[in-house]
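*Asks:* Residues per chain, in single letters:
2 protein chains.
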Amino acid sequence: MRIAILGGTGEVGEGLALRWAFHTNHDVIVGSRDPERARSKAREYETELDSRGVDASIGGFENAMAADRADVVVLAVPPYHVGDTVEEVADRLGADDVLVSPAVGMKREDDGFHYHRPGAGSVTRIAADAAPDDVSVVGAFHNLPAGRLANLDRDLGIDTLILGDDPDAKDIVSMLAEAIDGLRALDAGSIDNAAEVESLTPLLVNVAMHNERLSELGVRFQ
Amino acid sequence: MRIAILGGTGEVGEGLALRWAFHTNHDVIVGSRDPERARSKAREYETELDSRGVDASIGGFENAMAADRADVVVLAVPPYHVGDTVEEVADRLGADDVLVSPAVGMKREDDGFHYHRPGAGSVTRIAADAAPDDVSVVGAFHNLPAGRLANLDRDLGIDTLILGDDPDAKDIVSMLAEAIDGLRALDAGSIDNAAEVESLTPLLVNVAMHNERLSELGVRFQ
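Heads up: the sequence lines are chains A and B, in that order. Using the numbering used here, you'd call the opening residue of the first sequence number 191 and step up by one each time. Using the numbering used here, you'd call the opening residue of the second sequence number 191 and step up by one each time.
None of these hints come from the bench; they were simulated from the model. Mixed in with the good hints, there may be bad ones.
Treat identical chains as interchangeable: a pair holds within one or across any two.
Under the rule of at most 25 Å between Cα atoms (straight-line distance), these lysine to any residue pairs were calculated in the SDA-like manner [unchecked claim]:
(1) LYS297 x GLY311
(2) LYS297 x GLN412
(3) LYS297 x ASP355
(4) LYS297 x ASP323
(5) LYS297 x ASP356
Here chain A stands alone, though its shape is the one from the complex (with noise of 0.2 Å):
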């Protein structure tokens, strides 16, 4: 399958691509708004995966373009970027492609982070509103530490959930999330659920700024 990871030059993206190419056979396409950025990361998962012993070859292109390529596409852009995204990316979408949205509104006040709920009810449901009618389009990644995700050198050991409204575009991001050592994916239902989902990233911030001993948080429902 090839996964094309928009906004994969920041750490959530870097996370997911070194992850699926570390891990699977699956074709690891980074995407960025500068064709010459995405390039130039590919180049590095490229030199970090090989130091490992991984020869795997990261596509790097411009969003569309690496959009064009993919049979699931992932926004791992800001949350105020995932409406404009899609948009640019829409007419490179094949109505068997998935769209992925891992991203969260989230702002900081005195004493921790805070959910902050779009008007259209979550980030998953504006990728939703977004998307051409023929693309599928699955919340999942939303409560990954990034900084962990993308060190291969920590285990993971933590659940993600999967939201959706098609069951067949659930049941690829669930797979190709259990393809990553470590992870777990559980259904949490369609996408009218998401904001729940997106609200608990601020929450594993907030335990990790309140606990001396804890950083970088996932989850595990157990």
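Chain B: place on chain A using the hints.
*Replies:* Just chain B, lined up with the frame of chain A:
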């Protein structure tokens, strides 16, 4: 320490009463609007504990009388009764007493449960606003699976998040939480951070609902 559990006849209250009586030497008092029901449930808990070889004496009283006898008062009542219950017992609380708020507002929609955030910002904030100025309010025990908590045969191995503006009161509640086998207390900051904690409860319900092999879920931050 003397712990009163107002609404101690409900499932969360039952679980906390049984666990504290089973795992600690703290005095447990069950409160209810109906004193007869409080006494009857207290006897029921004593019988359950006796069947496990624990000779505990559990009091049963009307809520205000229960609060009067306690150092720590847990508001294990439905979210819409939290404010009234605090007002009802306010003149029975001393300056060193601690009020604990575990309630969460949720509403069920088509595909899952959703967090119903009160206008005050959180149920924990409602409790804090209703409490006398010299009584500290701590948010805790929001995300515990009630049936599993009340079944002493079940292991926990999960976390509870502690919220509050008074560090000493948080320490007391953290100590009481960690006195329960398998429960870890983590600091989630001030009461301003309560909405993200309360919002985790409908998410736990949704995940259990959508994954066949999971039920009665708690959460572990790791």
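*Asks:* All hints, please: hold or fail.
*Replies:* To see whether the hints hold, each was checked on the structure:
1. LYS297 x GLY311: both (16 Å within a copy, 15 Å between copies)
2. LYS297 x GLN412: between (29 Å within a copy, 23 Å between copies)
3. LYS297 x ASP355: For LYS297 and ASP355, only the inter-copy Cα distance (20 Å) is at most 25 Å; the intra-copy one is 28 Å.
4. LYS297 x ASP323: Neither. Shortest intra-copy (31 Å) and inter-copy (29 Å) distances fail the 25 Å Cα cut-off.
5. LYS297 x ASP356: Result: close only across copies, 24 Å inter versus 31 Å intra.
The structure fails to meet hint 4 from the earlier list, while all remaining hints are met.
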